[in-house]
Every structure is written in C-alpha cells, then in structure tokens.
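**Q** Listed below are the residues making up each chain.
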Amino acid sequence: MNLLDPQGPVAAADKTILIDSVAIMLAIVVPTIVAILAFAFWFRETNPKARFQPDFAYSGRIELVVWSIPALTIILLGGVAWIGSHQLDPAVPVPGTGSPVRIQAVSLDWKWLFIYPDQRIATVNTLTVPAGAELNLQLTSSSVMNVFFIPQLGSMIYTMNGMVTKLNLRADNEGKMQGLSAHFSGDGFPDMMFDVNVISPLAFPDWVAATAKTDRVLNEDSYRKLMQQGIAKDRPSYRLEDPRLFDLISTQHIPPGPGPRVTSDAGRSHNGDRDAR
Amino acid sequence: MLGKLDWSAIPFDQPIPLLAGAIVLVAILAVLVWVVVKGHLPYLWHEWITSVDHKRIGVMYMLLASVMLLRGGSDAIMMRIQQAVAFQSQGYLPPEHYNQIFSAHGTIMIFFVAMPFVIGLMNLVVPLQLGVRDVAFPTLNSVGFWLTATGALLVNLSLVVGEFARTGWLAFPPLSELTYSPGVGVDYYAWSLQISGVGTLVAGINLVTTVLKLRTKGMSYLRMPMFCWTTLASNLLIVAAFPILTATLAMLLLDRYLGFHFFTNEAGGNQMMFMNLIWAWGHPEVYILVLPAFGIFSEVVSTYSGKPLFGYRSMVLATMAICVISFMVWLHHFFTMGAGPDVNAVFGIASMIIAVPTGVKIYNWLFTMYGGRIRFATPMLWSVGFMVTFIIGGLTGVLVAVPPADFLLHNSMFLVAHFHNVIIGGVLFGVFAGFEYWFPKAFGFRLDERWGKVAFWFTFVGFYATFMPLYVAGMLGMTRRMQHYDVAAWRPWMIAAAVGMALLSIGVVCQVVQLLVSIRNREALRDRTGDPWDGRSLEWATSSPPPVFNFAISPDVRGGDAYWELKAHAKQLEHGEPEYRDIEMPRNSPTGFVCAFFASIMGFALIWHIWWMVILGGIGAFATFVVFAWRDHDEYVIPAAEVARIDRVNLEERRGLVSLAGIV
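Listed in order, the protein sequences are those of chains V and Y.
Under our numbering, the first residue of the first sequence carries the number 6, and numbering increases by one thereafter.
Under our numbering, the first residue of the second sequence carries the number -17, and numbering increases by one thereafter.
Some clues are possibly wrong.
No farther apart than 20 angstroms at their CA atoms in a straight line, the calculated lysine to aspartate or glutamate pairs in the DMTMM-like style are these [what the hints assert, rightly or not]:
| hint | chain 1 | residue 1 | chain 2 | residue 2 |
| --- | --- | --- | --- | --- |
| 1 | Y | K435 | V | D252 |
| 2 | V | K181 | Y | D468 |
| 3 | Y | K199 | Y | D564 |
| 4 | V | K230 | V | D252 |
| 5 | Y | K549 | Y | D564 |
| 6 | Y | K549 | V | D60 |
These are calculated hints, taken from the structure and not from any lab test.
Values in this document were obtained by computation on a predicted structure and should not be read as measured data.
Okay, chain V solo, but in the shape it has when bound (with noise of 0.2 angstroms):
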C-alpha cells in the first residue's frame, strides 16, 4: 500500500508532484530552520560576542524579503498545482493498451461491490482487473459516504449515495493490491479493504467467463439482501442479471440502505447483530 511504489501511471504522476512540492518547500524551510536555532544560539543571553540592537525592529529590505520568498515559493508551488489539478482529473480517461474496462463500485454496509456491467458480472471485496487497460469506474453508495482508494494505483474519489462520481485509473503491473475505503462510515468500516487482483489481459476473459459460471445472482433481491449492515466473510461472485443495476441504485430507484436495526436499548445503538465486527 506504499504510496511510493506506485503501480500505475495516476498515482506515478500523484507521487511526483507529491515528491517536487516537498523539494520545493524544503528549499526553504530548511534554511529557515536552521535560521531560526542558530539566532536563538547565536543571540543567547550568556553569549558576550553577540552585537545587542535594542532598537532593530523595522528594516524595509528585510520586509520586502520576507515577503517574496514564500510569495514566491507560493507562485512556483500554485503554478504546479494548477497542471496538476488538471492533467490528473479524476473525470478524465487514462488511455491504456486494449479495450477499455467498465467498473461501477457500489459502497455498503461494509463492503464493496464491483460490477463488471459489460462482462455481466459482479464481485465483492475482490477487483480483478487486467493490466494496462484502461479503467473506467463509477461510483455511487447504498447508504453513507466512503472514499474509495486503492493507495499504488492513486486519486481516490467519494462514494455518495443517489450521487455518481467517476475514477480513471489504469494498472500497469501484474499482481495483487489492496484497497480501502478512506472516509468512515460505521462500525464495520475498517473492514471495508478490499484485494486488487491485476491479472494480465490474456487471463482476463478467461476470469471472466470462470466467474460468470456461479449459480449466484445479483438482481434486486439479492442486492437489497447484501446492502444490510455487516461485513463480507466470504469474497463471492455472482452473475448479473440485470446490467442497469448500478443506475437503478445511484438513482435511487432502488432505496438507500436501512442502517442499523434498532434495539430496545434506550439511546445507544447497536447494530442489530453485534458480530458485525
């Protein structure tokens, strides 16, 4: 999950201008600190050779100075913040090798879900993805905000029920990742990490057609059954029946998840089963 080993073109990109703002600053504040110990040092009391100037309290060339360093820094800094907010829009496309992959991630209570609308498939807790594709993802949420990230890929991007957001990312590299989901949402949100599989794109259809295999179906019924509150203990997989699915929950057509079921217990609430966690 190491934000520095990145694994695909966004987060290189999201790491290097994470790494040349830090050089920037650091030009600077560097510098400036060790300013800052060495007047405290030098201007001790006890210290006989250290020139007292009760009186040194304005200089305009010190002003103007002090004033265009950090206006400075702040320009070069701004200037690169401005490129890029743009190059790396989460909304734009990041072209990649191959034919583009469909995802709409659907946060729960406490678990994702991945539907594969083109493949008609669907998974939980579990992304498989090929490498070097292009990664189309929209996101919505069945109940309560999350943020879904997963870290060496980069730009995460809010999940917001009744809402649509979109996340292009590509994976260069075979192997596995993880994901998390970076806003709290519940009891059950640390559980909410989720295995990132980049398989390579000749395994991809073959994964495909392995998955879409299971007797396990995901229409409205079972999506209403696997939004109630609780986690995932299982990773499954399931066929999609109907490939509007995802635009029947961001719409709302299909109604915000229940949240906790009350208990008697006066003022606190438990979420119904207590082994959520």
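Position chain Y relative to chain V; hints supplied.
**A** For chain Y alone, kept in the frame of chain V given last:
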C-alpha cells in the same frame, strides 16, 4: 415522563466508561463536600462563580480547558494503545466504543480545550494590555463562559448516560442522520455544540467590542500589542464563522428531530451541502485558534529577546490577511469529492496563499531574535519549539493543498499527523507559552522553571515521537479512524506512536507537577513588582495579581510597547502621588451561572426528548434574562481612598525594587 431515558442508558456492560465515570463522580462529590464542610462555598460563589471580572473569568476558562485536556488526552492514549494492539485482532476496544472515543477526542480537544484556553488567555490579558478596567460586556462574558461549561458538562455526561456520537468530530451526514445513527450520541454532540457555540459567539462579540471601543487614552490601533491585534482578528472570525456552525447543526437537528431533509439521502437532501457548510466554519476555526497563539509568540519572543517586535506593521497586515483569506479556502477539505479541476486548483492556490503571511510572521519572529539578548525561560523554549515545529506542519499543510497530492493523502494518517502538527505545535505550544508567561500576572507568583523545562522537553520530543510515525503510516496508505487493521507494514509505526504518546503524557504530568510545586513554593516565587519578565506592554504596569480595577490611574500611552516607554522614562515612578478618583466597577451577577444551569437542563432534556423539562429549562433561562434586563444597580463604587490604599502598596514595592536595581 422521561422521554427516551431509562436504565438501559447506563452502560452497565462496558466497564471502562462506567469505572471512569464513577471515579470522576466520586472526585467531584469529594470536592463538593470539602468545599461545603470547609465553608468555602460563599467564597466560591461571591468571588468566582458570580464574578464578572475578566481576569477571574479568564482563569475559569483555562481551568475548564485544563480539566478537559486531561479528558481528551485520556481518549488519545486509549486510541493510540488500541491502534498499537489491534493488528489482526479486535484490540481491547469494540468499534462502538472506539468510534465514540475518536469522535469525543476531536470534539473535546477543539471545542473544550483549545477554544477555552485561547479565549481564557484573551480574557485575562487583553483588557490589561489595552490599559482598561474591564471588557465591554462583563455579565455577557460570564454567560459565555458558563454556557461553554454547559457544553463540556453534556459531553462528559454522555460517557455514563447514553452514548456519544460515533461519527467523527464533524458528524458528517448521512452517517449522522437518524437512519444510520439512531442513538442519542449525535444529539449529545449537536446540543452541546449548540449551547457552547452560543457561549463562544457571545465571547467573540464581547472581545471584538472591547478591542474596538475600549482602549485607554493614546492606545491607537497601531500602538496595540500584537496579541490584541490577533485577538481582534480571531474574534472577528468567531463572529463571522460561528453562526454558520450554529445554522448547520440546527439543520442537522431539524433532520433528526422533525424529519426535515436538509442532508438526508432521501427527498432531495444534500450531504455535500453539509460538507461545504461545516468547513466554511471549520477552516476559519483553525485560524480562530492559531491567530491568538501567533499573538502570544509575538509577545513572548519580543519580551525575552529584549527588543520590540520586528516589522510590527507587517505583522498586523499579515494577521488581517490571514483573517480574510481563511474564509476562502474551505473546499480544500474535500478535493476528492469530485469537483472539477478548475475549482480544485483555485481553492488549492487560495489555501497556499495563506502560507505567505504565515511565512512572513515566522521571518519577523526570526528577526525579532536577531540582535536580541535572548533569555531562555520556559515560554521562550515553547516559542522556538513552535517555530521549528510549525514550519514542518506548514510544509505538510501546503502539500495537502496541492490537489493531486491530496488525492493520495486525503483522510490518511498523514493528514492526522499534519493537523496535530499545527494544532499541538501551534495552538497548544502557544497556550502553554502564554500560560507560563502570564501565570504570575494572574496569580502573583511565577511557575517553577525547572519543571517547566522538563515538561517542555518531554512534550517536544513526545510530539515528534508520536506524530512522525503517523506521517509514515499515511505514506503507507493507512487511513484514519481504523478500529483494527491487517496490514503488517503499519504495525511498527503504530507501536512507535504509542511510545511517543507515553512521552507526551509524561510532559503533561510534568506540567501538573510544575503547578503543584510552584503552589507549594509560591512565597519564593512571588512576583512583587508586577513585572517579572521585564515586559513591554501594559499588563506589566500593574500589580500581580492586578486589583479588581486593573489600573488605579488609566495609563496614558505615548507609543508602541507602552510599558517599555514608561519604564524608559521612569514616568510612573517620578510622580509623587497620583490623583486618585472613585472607580465604578460592574457588580457580580449570578446571571451566567443560572442561565447555564437552565441551559444544561434544557440541553439534557432535548437530547432525551423529555419535553416538559425542555419547556421548564427554556422558561428558566428566559426568566433569568428578564430579571437581568430589569436590574436597577449594575455598578458599585470603589472610593478613591480605597483605590489609593491598594495602589500605594504596589507602588512601594515597585519603587523599592527599582531603586534596588539602581534604575532610578
């Protein structure tokens, strides 16, 4: 009869809060019994609880903040231990408990530690620095304090009656809506902030008016000490920003109580609107906290360097620039919500621009030290420690203001490390410096230097040991608020942070020890001159502690660094005997305390839906206000002879010591 309240509200199944609550309850009862038995109750009532003296109110604010610091600190220790042990396991705190703890930690540390600490210091010091006898609205000031205390009381009550919010310290909907948080936790959160928010707003109005309207003769704006300027800026922000918080929470409460749909998933509610509103308050809030700290450092660095503040006008400009720009950056708290690149970039750059005036401040403190004769008393150690630490916090802050970098770091442990870096390294170091610096002014004796320095070094090292590992954990992809985790790479850093937390806690313990040791040695540490640090502003021109009327004769200010000028010309001392006059001072009033008493009842009743009690509390609070509004005599007169008697004693001491030093 009792709404939602019944015995199941007491968490008999959870030993930790129950035990903690029981111990606190016993301690409070013991103190109360001691006070009553020893006959201190009349003294407490007349001299403190009903006092409208800004110095006393300032001290009570700081006492509240200190007690709540221990509570918030305990939460922090529990969180750090949980994250150190909860690797591939549940740790020792179940999620419903852990989630309350981090929510309470954030709420308490911001609203009931940092806020009362800075408001307390401003209350104590600003009228003295302005050379005036009181604040603009003394009774309102008392109301503000007691309402803040009400909020703190309700938050602590949630420990044993019901539960606190499990939503994080900003209670984002839809998680905080009734559907997903059906318990009373969010109601405790919202009502305690509504009530204490009124208190804060009142304090803000009072201090803004004080600075704008009550300055002694000759104290023009550009002669005010820096702390007064930062107080003005900070309280202008309070007046402008806190109503946003009140309105936002009111909307959330309407959703929860009356089935409105401001922020719900259903019926066109918009959760993103809550994000915008809460941060439109939340970002100015961090400057409300840190600007007074900047003011404290300005006073401290200048005093202990034996020089005027370098670039005073530049500092004023920088302060007011921060005050204005801080309202234009709120969106940087949610770059990852899917706004377009133009919006993200504009807010990113606006956020960075704040770094310019802040950088200027750092350089001005640097050049204040240049050519000085620096005495490394404890407040100066906190100041130098602050400068170094705050620059690092500023660096990481500007870093997360770059949207693509924030796409990786948003909500991560890196962010947690960043805001603790600026709030501990900036605000907390600032109030600790201010506490040491102005303690003799408030109580008439200095604090023990040795324990102060030990406390500084433990806190300083402990801070780095706790939060540098969190920066690393953030770079390893760890997000905040994890009750447990399975990623092995995070583990060592969580353990390191727990060790750092131990050092930080020792630092806090040292502060407590310092206070106790100093009280025991108070005769040796007595400040007879009223000017223990060779100060430069007017608070040092009166005795320590100052008489209730602060100044027997209103000071006449002829330039910046008013008291320094006076000392340089030995003005105050060459007059044989000034012409004393009668002084009118505001009468003590129980209005604040009684008002807060009814507000507490009303808040509690609202949380538990006990409607008859809500009405009772509401009527009580309103009746208190009406009685106060119909008062006949709100001032009393201290006769000139009494003023002369009090002032002569102080002048004697001062003359004696000054001639001893061979100045006159």
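**Q** Could you run down the list of hints and mark each one as holding or not?
**A** Results for each hint:
The straight-line distance between the Cα atoms of Y/K435 and V/D252 is roughly 62 angstroms, outside the 20 angstroms bound, and the hint therefore fails. Taken as a hint, the V/K181 and Y/D468 pair is honoured in the structure, with Cα atoms around 15 angstroms apart against an allowance of 20 angstroms. Distance hint between Y/K199 and Y/D564 is fulfilled; the C-alpha atoms sit about 18 angstroms from each other, no more than 20 angstroms. Under the criterion of a C-alpha separation no larger than 20 angstroms, the hint pairing V/K230 with V/D252 is consistent with the structure, at around 18 angstroms.
Between Y/K549 and Y/D564, the direct Cα distance comes to roughly 26 angstroms. Violation of the 20 angstroms bound is thereby established for this hinted pair. Proposed proximity of Y/K549 and V/D60 is supported: the alpha carbons are some 15 angstroms apart, at most 20 angstroms.
Checked against the numbered hints given earlier, the structure breaks hints 1 and 5 and satisfies all the rest.
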